Structures are given as structure tokens and as C-alpha cells.
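Given chain A, work out where chain B should sit, using these hints.
Here the protein sequences line up with chains A and B, keeping their order.
For the first sequence, the positions run -8 to 248 when our numbering is used.
For the second sequence, the positions run 67 to 357 when our numbering is used.
Don't take every hint at face value.
Computed beta-carbon distance windows for the label pairs [what the hints assert, rightly or not]: (1) 118/A x 216/B: 36 to 42 Å; (2) 180/A x 167/B: 52 to 58 Å; (3) 16/A x 229/B: 24 to 30 Å; (4) 187/B x 125/A: 48 to 54 Å.
With a Cα cut of at most 20 Å, we get these calculated SDA-like pairs of lysine to any residue [as the list claims (entries may be wrong)]: (5) 230/B x 123/A; (6) 102/A x 85/A; (7) 230/B x 101/A; (8) 253/B x 123/A; (9) 245/A x 211/A; (10) 95/B x 90/A; (11) 245/A x 218/A; (12) 228/B x 63/A; (13) 102/A x 153/B; (14) 153/B x 113/A; (15) 228/B x 7/A; (16) 230/B x 125/A; (17) 67/A x 255/B; (18) 228/B x 67/A; (19) 95/B x 178/B; (20) 173/A x 113/A; (21) 228/B x 173/A; (22) -2/A x 211/A.
Just so you have them, the derived chain A footprint on chain B, three or more residues with Cβ under 8 Å [as the list claims (entries may be wrong)]: (23) 218 to 226; (24) 249 to 261.
Please keep in mind that the hints were generated in silico from the structure rather than gathered at the bench.
Every value quoted in this text rests on a predicted model; they were computed, and no experiment measured them.
Glycine residues also receive a C-beta, built at the ideal position from the N, C-alpha and C atoms.
Read off the chains here:
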Amino acid sequence: MSEPILKIRNIESFYGPIMAIRGVSLDVHEGRVVSILGANGAGKTTLMKTISGVMDPEKGTITFDGNDIQGSEPHKVVQQGIVHVPEGREVFPLLTIDENLSLGAYTSSDKGQIEHDRELVFNYFPILKERRNQEAGTLSGGQQQMLAIGRGLMANPRIMLLDEPSLGLSPLLVQEIFTILKRLNEEQNMTMMLVEQNASAALNLAHDGYVMEVGRIVMDGTAEQLMASEDIQNFYLGVQEEGERENRRWKRKKTWR
Amino acid sequence: MDNLQLLISGLANGCVYGLIALGFVLIYKATEAVNFAQGDFMMLGAFITIGLTNTEYMGLPFWLALPISLGLMAVLGYLLDRFLIRKMFGESQTSVVILTIALGFVIRFAAGLIWGHEPQTLQNPLAGKEIALGGLVLGMEDVAVIVVTVLLTWALYVFFSKTKMGLAMQGASQNQLAAYYMGVPVKQVQGLVWALGGVVACVAGILFAAKGSVDPSTGLIGIKAFAAAVIGGFGSLPGALAGGLIVGVIEPFASRYIAAGYSQIAPYALLLAVLIFRPHGLFSQVRSKKV
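Same shape as in the complex, but just chain B:
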């Protein structure tokens, strides 16, 4: 029973990591840029929602605040691409990476200025509720995190495989030049991928802030999510999610069965092992081009 409990809470954490990792991979696949501010996007999404709905700020109803903050993050993602990342076109990858790292710092300090540096929790309708399932007591938030992640994954799957825009995003990420030849407006599509990255980060942030608390430096778990993405195989969306879940589950078990401190080390130890034994990641989609 104990293990099951650990597993559920680990999975709930893992979902958040997985969603951030998903954001990394989404943007990387479509634009070949790694957005190291993805963790800070998540934190910003959480704070925007807190700012809209918590009673000490604007106090809007939770279900109204939700679409507003998702929309804001989408617009933010799009504008960042339009006015910052796209200007870097043709520069080296390293410059883009450093730009996004700097962007993360800017977001962190801005959030600190607006909402302060104290940890805060998102007030939400599920807070503090529990469900008992045959001797198993689960926090309502943990269950909600898992359910929302499953739903979002399903929605993304349908979007990518069934809609024209989703297909165009896949095409642009697999072969940018060919996408141009097919008449896909690649730059616009990339902007929309950044918007999608913002939305996914915002969902992750809301889930994270609902089941725990956020402060401006929370965005640093983006590093752990990045590790999760690499473990899953950078470039594979299901892999990113799976990597997140693996990292999330490993943490509580490591602290239970090895020693408390090991929960922080375990994900990176796994990362090293994966990089040594399966350098493309666990679920990579690598296929060499036929000549």
C-alpha cells in the first residue's frame, strides 16, 4: 500500500516534469532551438493564474482565470518567437540557448518583483480534498494532475495526428525545407508552436501550484525536466512524457529506500546511465535518411 501511495504521488510529480519536458521537445522539434526558459514559463503561468484568482490579488473565479492565463501564456509564447527568437535566425544555436537562459532570469526577477519571493499556493476548488480508494488515501490534487495530464496528452495527440495545423507542425519539424516546398508558412507555424509551448507550460504551472506552492525560483525544476526529456529521447513527444514520469517516480522511491538526499541525485544518475548506454534516449525516433 505504501508503495502504491508513493507511486501515485511520484506519478503526479512526474506529470508536471513530463509536461515541462513536453514543452522543451515541442519547441526543439519544430524550431531546433532549446528553450531553457521553459521551466520559468511554467512558473510564470502559475503566478499569472495565482494573480488572477487568489483572493489577495484579483480574486476572479478559478474557472474564469484558467482560460485567461492560458491565453496570456499562448500570446506571450507567440510574441517571444515573433520579436526575439526569429530575430536570431541564422545566428548560432549557442546564441539562442543563451538568449533563452537570459530570458529565464528576466522572467524570474520580474515574477519576484510583481508577486514577491514567498512561496504561494494556487487557491483552487480541489484544495485539501481527499479520496479514499479501498484503504488508499489520495490527495484530490494528485489525482487531478494525473487526469489533466492524460487529457492534455490525448488532446495533443488528436491535434497532431488529425488536424491540418498539427500535421504541418510535424512536417515542419521533420523536414523544414520540404515543408516550405509544400506551401507551409513555416515561420508562422513555428510561432504557433511557441504559443503551444506557452500553453503546455501554463498547464504544468497551474497543476504544480495547485498541489504545492510556487516561488520565482521554482522555474529551476526546468533543469530536471530537461533531464527527463533527454532520458526519454529528446525529439520524441511520448518519450518526453515518459521521461518525466520516470523521473517523478524515481524520486520518492529513492528517498524512501536509499536515503533522503538521494531523491535529488537519482534523476541525474539515471540521466548519466541513459546517456552512456542508450545515447539517443529511451524512446528516441531516429531514422537515418535513405539515399
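In isolation and in its complexed conformation, chain A is listed as follows:
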């Protein structure tokens, strides 16, 4: 396969004295969707923040399209073409949808491109066009998530970092949003790195996957390989094996322990 567009090698990040990421390496290839699975506190969000420059790593390298970007200021990272759609939406509540989208295009000064991107966003999320003059704080959770993704698209990114787009949404909305993400990947060839706790939704969308636990990558493979793995089925997809009631009283050991 060709050289990955995003290449992470031995990243270590700290919250004060606490080591949140303990040497993570991973690759994202252009046009692929890479999903990172893991429970709360596994370091998924920290990894995203380290890539987007909101946190600086102590060690390791992050290479994007041949340039080292570890420790760069966040706005430099966005200019390179990496956009971070944060966990919990984080829209600008008192600005209108249109203004939120304009801020998404902050790093771009090409008016034509910005309007083109705005139409693209409205094409994928028609509800946003309907409510373009409404304050973002008045939107529902699902609409805010759509706005957060749309705002990310406005930066005309080469890769999107999506942090838990399913957080707090109903199963129906999760399906709707993941369908749109899939279309974005297929129609716009958008590269994505997706952090999720909703493993089945994530693995259905993703081509490749990594599993993170307490700051380390413990497993990787294509989405099919991960879905077929017994560990993933048991611990992330919640598949129950019939007729093993007695055994299930004991906590099964994961193979990587």
C-alpha cells in the first residue's frame, strides 16, 4: 500500500504527571476510514487532541503528508488540512448556523471555495440550510452534531478527526449520521479517523480499526478482522454465546492480557 497520509509513531502524552497515552503508533491511509475503539479513559480523545495540537506530546512523531506536525499550534494543524470535530459537539451556541459554518472556514480566505463548501454541507445536511439563521444553541443534539460535522467540512479538510459523533444520540440518529459519514467517505473520498464507543456502528463504517486500552493499542486489523475476533465480539459488540451461562459468571480474560 502507498505511504499513509497520517503516520503516528510512539506518541506519549501526559495530563500533568499522568501518562494518558503510552506509546501509540498508527497509520491512516488516504480515502480510508480508521476507527479507534476503546472504553472510557482509554486515551482515545487524548490521542485526537494530541494530533490536532490542543495537547503537546512528550515523545513521538506525528507525520501528516510528509510533514512533522507534533507540537504544532492548533491553527497550524488546521491549515495543514486536519480538522477535529470534538466530542460533545461544542458548537458556538449564540452564533447562527451560518456564522458557525463561516467560523469553520476561518483558515480559508477563498470566497468561492467557502461558498462551494457551504453548499456541500447544506447538500449533506439539508436541515442546516432550513435553519441557517437560527442560533446553534437552540438546535437539538442531533442537529448540533450535524452542525459540528458540517463546520468541520467547511475547513475543506484532507482528514477529519471525529470524536464520538454518536454521543448522546438516539439509535435512529446514530444511523442517520453514520450513513451521511459513509456517503462523505465514498462520494468525497474523505479520509476519516473515528473514535467511538459504539463499536458496531464504527466497525460498519470503518475500513480499518485499532483497539485502545489504558493508553496503548492492543489490537489492530481491518474492520472485518476485528468484527470476526472473539474478543471484540465479547467485549465491544456484546455478542452473547448461548449455553455458556455458567462460564459467563466468571470474567473472561482478554487474549492480550
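Positioned in the frame of chain A, the structure of chain B alone reads:
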């Protein structure tokens, strides 16, 4: 007629309070620091303009002195943020508050050393002129204060809603982290907000010194402007302006209809009432985050 006259002069005072309050809120919203030196910024802006244009100092033409002092105050605001406030990043809010209070003292004494402690008036082309409007006699300065405030408010409104930088300032104040994610260089934007705070304070100072007189302790009306900002709802720009106007109008009416001393008490009595009955202020923009 009397009441109308009181109202106009009250509004003119209120405009100055409102502009100082606007400075408080601008900086608070964008940086979450309260700049208690805002009143002293105003006083400094007034003295810089006096120093440039009054005949006993440099004697520059008024219209030349104006842009120079506005520019100087903008640079001062930016540099303060760059070399003082930004160094406090990560310290507690209280430390920043105390720093700005100390800064106010420094500015007050520096102004006293340079320009003396006597009250001084800004020599300006409008001084002493009056206009009569059907039996109503208005000081030209009062009218100018109101007109300038309206114009500045309009300019700020256009800046915040129509320009990219204005939008970025709003974004950075509503959700700093998201602004980072969108590629807004938040620290630089905050520096520019401080510069804007300096400019607004300077306009307030020029208006104040043109219609009355300033001395180095004039900056203490910043406390009253702070009360005005809280009355209007700290965090809302229109609220700050409205709070200033309310305080300005209440003062002359209180001294006319209650007793002279009450003009100083009335704003704070109102502040207490607002804090008890509407703790977010009269025009607050509070919206809880959806989960």
C-alpha cells in the same frame, strides 16, 4: 422640560459609563478575565489626548491627536495582554483580578506624575457651544457624547456580526476550545480584544474629558461602570451599554427627586435589587449547554 433636560444629561453620562462597561464585558467575554483597570484605561486615554492636544502641552490639532491617542491605547492594550496577562495563563482568576487592580494603581500614579493631580479639561472644537431645540438648551458636548456612542455602538455591531475577526472574537468567547479546533489563533485574538478594549476606553475618556474634567482618580468611576455592567448582565454587550445608560439616567433623577446625596447611592441600590431579583442581570445571555 426639566425632566427632558435631566434625561439628556443623564444619558450623556450614561454613555460614558456604558462605554467603560462595554470594555469590561468585551475583555471578560473573550478572555474570562475582568480588567479592573478599565476605568483607569479611560482616564489614561483622556490624559494622553489632553497631553497631545491641549495648548499647555503639545498643542497638536484636535483631529490629529484623536487617531494618535486611539492608536496608542490600542497598542497599550495589546502589549499588556501580550506581556502581562498572558504570562498569568493558568493562574487563578483572583491573581488576574489583583494584577489588574494593581495595574490601575500604577496607571493612576503614573498619570499623576506626568500630568499632575489637578482636574483638567480637554480642549476641543465643541467646547462651550450650545444648541437650542424648541426651548430645550443642550450642551453641544452632551449631544456629541450621545452621537459618538451611538456611532461607536453601530460600528462595533457591524464589526462583530459582519467581519471575520469579529466573528472569531465572538466564537473564542463562546467556546474557546471549539475556536482552537476551527483554527482560530485564540491567543492572538485575545490580544486584539484587549486592544479593542483600550480603544473603547480611550473613546470614553475623550468624551468624558470633553464634557467635564479628568484628574488621575477619575478612573475610579470604573467601579460604577462595573456595577452598570453587572446590572445589564455581565457577558452581554448590549446589556453593558443599557446598564450604563440606566445608571447614568438614575443619578440626576435621584438627586433631583430624593436628595442630593442619593445620586451616588442610587446605582448601587439598583445593583443590589438586580442581584436579588434577577441575578443574571437585566439583559443576560445565558443558555445552558445541551447534552
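Now for the hints, and whether the structure bears them out:
1. A hinted range of 36 to 42 Å holds for the C-beta pair residue 118/A and residue 216/B, which are about 39 Å apart.
2. In this structure, residue 180/A and residue 167/B meet the distance hint of 52 to 58 Å, their C-beta atoms being roughly 56 Å apart.
3. At about 43 Å, the beta-carbon gap between residue 16/A and residue 229/B misses the expected band of 24 to 30 Å.
4. In this structure the supplied range 48 to 54 Å holds for residue 187/B paired with residue 125/A, their Cβ-Cβ distance being about 50 Å.
5. Taken as a hint, the residue 230/B and residue 123/A pair is honoured in the structure, with Cα atoms around 18 Å apart against an allowance of 20 Å.
6. Of the pairs offered as hints, the one joining residue 102/A and residue 85/A is violated, with about 24 Å between alpha carbons and a cut-off of 20 Å exceeded.
7. The hinted pair formed by residue 230/B and residue 101/A meets the criterion: a straight-line CA distance of about 13 Å does not exceed 20 Å.
8. Taken as a hint, the residue 253/B and residue 123/A pair is broken in the structure, with Cα atoms around 29 Å apart against an allowance of 20 Å.
9. Restraint check for residue 245/A and residue 211/A: satisfied, since their Cα atoms lie roughly 14 Å apart, inside the 20 Å limit.
10. For the given pair, residue 95/B sits about 18 Å from residue 90/A by alpha-carbon distance, which is consistent with the 20 Å threshold.
11. For the suggested pair residue 245/A and residue 218/A, the alpha carbons sit about 15 Å apart, so the restraint of at most 20 Å is met.
12. With a CA separation close to 30 Å, the supplied pair residue 228/B and residue 63/A exceeds the 20 Å bound.
13. Between residue 102/A and residue 153/B the alpha-carbon distance is near 37 Å, which puts this suggested pair outside the 20 Å criterion.
14. Between residue 153/B and residue 113/A the CA atoms are separated by roughly 42 Å; this puts the pair beyond 20 Å, and the hint is violated.
15. Using a Cα cut-off of 20 Å, the hinted pair residue 228/B and residue 7/A is violated, with the two alpha carbons roughly 40 Å apart.
16. For the suggested pair residue 230/B and residue 125/A, the alpha carbons sit about 19 Å apart, so the restraint of at most 20 Å is met.
17. The suggested pairing of residue 67/A with residue 255/B holds, with an alpha-carbon distance near 15 Å, which does not exceed 20 Å.
18. Proposed proximity of residue 228/B and residue 67/A is contradicted: the alpha carbons are some 24 Å apart, above 20 Å.
19. Between residue 95/B and residue 178/B, the direct Cα distance comes to roughly 31 Å. Violation of the 20 Å bound is thereby established for this hinted pair.
20. A hinted pair counts as satisfied when its Cα atoms are at most 20 Å apart, and residue 173/A with residue 113/A qualifies at roughly 16 Å.
21. Distance restraint check for residue 228/B and residue 173/A: the Cα-Cα separation of roughly 35 Å exceeds the 20 Å cut-off, and the hinted pair is therefore not satisfied.
22. Restraint check for residue -2/A and residue 211/A: the C-alpha separation of about 15 Å stays at or below 20 Å, so the hint holds.
23. With 0 residues carrying a beta carbon less than 8 Å from a beta carbon of chain A, the region 218 to 226 of chain B misses the three-residue requirement, and the given coverage is violated.
24. Residues of the region 249 to 261 of chain B lying with their CB closer than 8 Å to a CB of chain A number 3, which satisfies the three-residue condition for coverage.
In this structure, the earlier hints numbered 3, 6, 8, 12, 13, 14, 15, 18, 19, 21, 23 are contradicted, and the remaining ones agree with it.
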